[in-house]
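Residue numbers (this note's numbering), protein chains in the order written: chain X, 5 to 176; chain D, 17 to 493.
Note that these hints are calculated values from the structure, not bench results.
Don't take each hint at face value.
[Claimed, not checked] Listed next, the in silico EDC-like pairs over lysine to aspartate or glutamate satisfying Cα-Cα at most 20 Å (straight line):
#, chain 1, residue 1, chain 2, residue 2
1, D, 283, X, 152
2, D, 197, D, 132
3, D, 283, X, 64
4, D, 241, D, 468
5, D, 231, D, 483
6, D, 241, X, 152
7, D, 225, D, 260
8, D, 231, D, 250
9, D, 241, X, 112
10, D, 148, D, 216
11, D, 148, D, 260
12, D, 225, D, 152
13, D, 225, D, 327
14, D, 283, X, 75
15, D, 283, D, 260
16, D, 283, X, 112
17, X, 88, X, 171
18, X, 88, X, 75
[Claimed, not checked] Covered by chain X, per the in silico footprint, the following chain D stretches (three or more residues, Cβ under 8 Å):
#, stretch
19, 263-276
20, 300-311
21, 318-328
22, 395-401
Just so you know, even glycine gets a beta-carbon here, dropped at the ideal spot from N, CA and C.
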Amino acid sequence: MKSVWKIGLLMVLVSSVAMTGCKTKPKNGAGVGGIDGIGGVNGADPYGYELGGRPDNLSEIASQFGMVYFEFDSTQVNPGERSKVEAVAQYLQSNPRVGVIVEGHADERGSNEYNLGLGERRALAVRAYLVNLGVDAVRIQTKSLGEERPLALGHDEGSWAQNRRAEFVLFQ
Amino acid sequence: MVKPDVLKILNRVVAGRKREELCSTRDAVQRLTREGGNTLFGRIALCGFGKVPRVGSRSEMNFQGLESLGRAQLTCHFLGVRMRRIFIGLVLLCAVSVASAQVRVVKSAGEKTSIDWSAYQAGDGVGQLFIKVLGDDLQRSGWFTRGGPGQAELALTGNAAQGGAQAMVYNRATRQQVYGKRYPLSQQDVRHTAHRVADEIIEAVTGKKGFWSGKIALVGNRTGKKELYLMDVDGAGLRQLTSDNSVNLAPNWGPGGRQLVYTSYLKGFPDIFLIEMASGARKRIAYYSGLNTGGAISPNGREMAMVLSKDGNPELYVRDLQGGALTRLTQTQRAAEASPAWSPDGRQIVYVSDQSGAPQLYVIDRNGGSSRRLTSRGSQNVAPDWGANNVIAYASLFGGRWNVSVTDPSGSDPRQITPGDADYEDPSWGPDGRHIVAGRAVRYTSKVVLLDIMGDAPITLTEYPGDWTSPAWAPGQ
Numbered sequence: 005m006k007s008v009w010k011i012g013l014l015m016v017l018v019s020s021v022a023m024t025g026c027k028t029k030p031k032n033g034a035g036v037g038g039i040d041g042i043g044g045v046n047g048a049d050p051y052g053y054e055l056g057g058r059p060d061n062l063s064e065i066a067s068q069f070g071m072v073y074f075e076f077d078s079t080q081v082n083p084g085e086r087s088k089v090e091a092v093a094q095y096l097q098s099n100p101r102v103g104v105i106v107e108g109h110a111d112e113r114g115s116n117e118y119n120l121g122l123g124e125r126r127a128l129a130v131r132a133y134l135v136n137l138g139v140d141a142v143r144i145q146t147k148s149l150g151e152e153r154p155l156a157l158g159h160d161e162g163s164w165a166q167n168r169r170a171e172f173v174l175f176q
Numbered sequence: 017m018v019k020p021d022v023l024k025i026l027n028r029v030v031a032g033r034k035r036e037e038l039c040s041t042r043d044a045v046q047r048l049t050r051e052g053g054n055t056l057f058g059r060i061a062l063c064g065f066g067k068v069p070r071v072g073s074r075s076e077m078n079f080q081g082l083e084s085l086g087r088a089q090l091t092c093h094f095l096g097v098r099m100r101r102i103f104i105g106l107v108l109l110c111a112v113s114v115a116s117a118q119v120r121v122v123k124s125a126g127e128k129t130s131i132d133w134s135a136y137q138a139g140d141g142v143g144q145l146f147i148k149v150l151g152d153d154l155q156r157s158g159w160f161t162r163g164g165p166g167q168a169e170l171a172l173t174g175n176a177a178q179g180g181a182q183a184m185v186y187n188r189a190t191r192q193q194v195y196g197k198r199y200p201l202s203q204q205d206v207r208h209t210a211h212r213v214a215d216e217i218i219e220a221v222t223g224k225k226g227f228w229s230g231k232i233a234l235v236g237n238r239t240g241k242k243e244l245y246l247m248d249v250d251g252a253g254l255r256q257l258t259s260d261n262s263v264n265l266a267p268n269w270g271p272g273g274r275q276l277v278y279t280s281y282l283k284g285f286p287d288i289f290l291i292e293m294a295s296g297a298r299k300r301i302a303y304y305s306g307l308n309t310g311g312a313i314s315p316n317g318r319e320m321a322m323v324l325s326k327d328g329n330p331e332l333y334v335r336d337l338q339g340g341a342l343t344r345l346t347q348t349q350r351a352a353e354a355s356p357a358w359s360p361d362g363r364q365i366v367y368v369s370d371q372s373g374a375p376q377l378y379v380i381d382r383n384g385g386s387s388r389r390l391t392s393r394g395s396q397n398v399a400p401d402w403g404a405n406n407v408i409a410y411a412s413l414f415g416g417r418w419n420v421s422v423t424d425p426s427g428s429d430p431r432q433i434t435p436g437d438a439d440y441e442d443p444s445w446g447p448d449g450r451h452i453v454a455g456r457a458v459r460y461t462s463k464v465v466l467l468d469i470m471g472d473a474p475i476t477l478t479e480y481p482g483d484w485t486s487p488a489w490a491p492g493q
């Protein structure tokens with residue numbers, strides 16, 4: 005019995021060490037929805053909007069909107085990053101014929117396939133915020149590139165932080 | 017080896033049964049072992065009862081190591097049904113069985129069969145290549161060691177040259193021929209012929225299918241873009257399958273290796289494509305809005321599991337490949353799913369979800385319903401592959417390192433099979449249920465390696481420049 009307790013204690017210690025290694029994240033608030041106060045429109049879930057059809061013959065419009073950066077393994081749009089999304093929303097509102105593809109990216113850690121999902125959820129979080137700001141959901145496509153298109157090629161936190169991002173591609 | 021006092025117990029238990037029935041021939045032992053659950057009888061046969069040929073006995077012992085994965089309880093159950101009357105003996109046997117199952121997880125080199133081919137005659141360069149490939153295959157199969165002349169248990173003799181090859185295997189002690197065949201041989205197919213002979217020798221000696229004649233799909237970036245490649249199981253014969261100048265990911269075979277599905281950005285967005293291997297024809301088979309990835313064809317070939325975000329979040333779906341009906345299996349609006357893989361009976365799917373806050377493995381019924389979490393050890397567990405042997409292999413992150421682990425579908429007894437000297441990712445089962453291919457990364461450069469769940473050291477297969485990842489071993493025909 006004693007050894008069982010010891011093993012249990014060890015597991016608790018190990019797991020608490022493991023936990024401090026990662027970023028604590030409010031999983032319920034992942035994305036912009038939920039507990040951090042920027043929920044979907046009228047309390048709707050931000051991940052509940054079906055995607056519209058993919059645009060045909062899209063012609064890209066050159067633009068200079070800033071990238072939205074994310075914490076490690078998080079899909080939440082941080083307060084410091086929101087103004088970048090707001091700028092895009094403003095542009096879309098004054099250019100009603102323009103659509104946007106939100107590209108989501110992950111850093112190189114973790115499996116390729118999981119990172120595709122992570123990148124998609126980052127793009128969807130940005131999309132949800134755009135919708136929340138009044139942009140029609142059908143104008144916003146998402147595209148995950150997972151870890152396949154890093155901006156910085158180093159294998160360190162400085163590079164990884166630049167690669168965990170969402171980018172805006174505007175089209176007409 | 018089983019200890020002598022254990023032998024005594026076994027002796028007592030089997031007393032009264034027909035020993036000849038259990039032990040007289042290698043075939044009988046193989047049949048017993050194959051029938052499942054009764055590895056103990058095989059073991060009894062090996063412990064000195066009856067006349068089991070030496071070669072067969074060695075092989076069967078190796079096989080028991082493989083079988084012992086989660087089999088101890090089954091063995092006990094089987095015995096319980098068959099031999100309820102000898103209750104005390106049964107209890108002892110269970111204890112013995114569990115103990116030896118644990119011991120046998122790591123196999124010692126001494127349990128292999130030694131084979132000598134120094135007398136094999138190569139008539140020319142083609143013949144030399146033939147015997148080199150054949151010898152390498154045997155040595156790297158996990159079943160054999162190379163023994164010296166006059167000492168090895170088996171002797172491989174014969175001759176090979178442009179035009180034809182002959183190979184015979186003898187048991188040195190009994191002078192009995194275990195294998196003998198003649199093949200046409202040419203420069204073009206010398207490697208494939210050698211693989212085929214190796215597989216036949218493995219099967220003749222051990223009763224288990226060989227695995228060198230298969231093929232592996234993988235992702236390589238040596239052109240600067242991620243393209244799909246195929247190679248032989250020993251890493252030779254590398255050939256580029258796609259030239260899309262895009263990003264191609266996550267290859268996955270359909271049943272019998274007849275189709276290959278993968279994710280590609282060929283049309284700008286991540287879509288799922290399917291290649292018919294016989295014709296080379298390629299189709300884009302999933303291109304919903306958003307993410308389309310993780311395509312995995314069911315064992316009966318009729319359905320495909322995949323991850324789609326068309327409904328607003330990455331979720332797991334199954335699509336009827338003929339009728340097109342789409343079933344959504346997960347409803348995790350706060351989480352992403354990834355990497356589905358089918359159970360061999362096609363009834364369940366193992367996949368990755370981060371609904372707990374980090375990616376872990378879950379199992380769900382093919383028709384949906386509630387999911388069951390499979391993994392608890394490790395801060396992340398990803399990239400599952402459910403083998404035909406009903407054992408699930410996956411990559412597990414613990415202490416900052418990725419290793420390949422295996423578990424039975426209950427998840428109760430995960431076991432790490434890689435040595436922790438590098439990051440091992442993306443395991444894919446071989447058709448023999450013993451070997452696995454995986455990526456092995458050192459300092460951010462990845463090669464594809466061959467792993468042995470019975471403890472042989474990893475063998476690097478891709479000695480080519482560039483990164484080689486996401487291997488998928490084609491299932492047997």
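**Message:** Hints numbered earlier in the text: which of these fail when held up against the supplied structure?
**Reply:** 4, 7, 11, 13, 14 and 16
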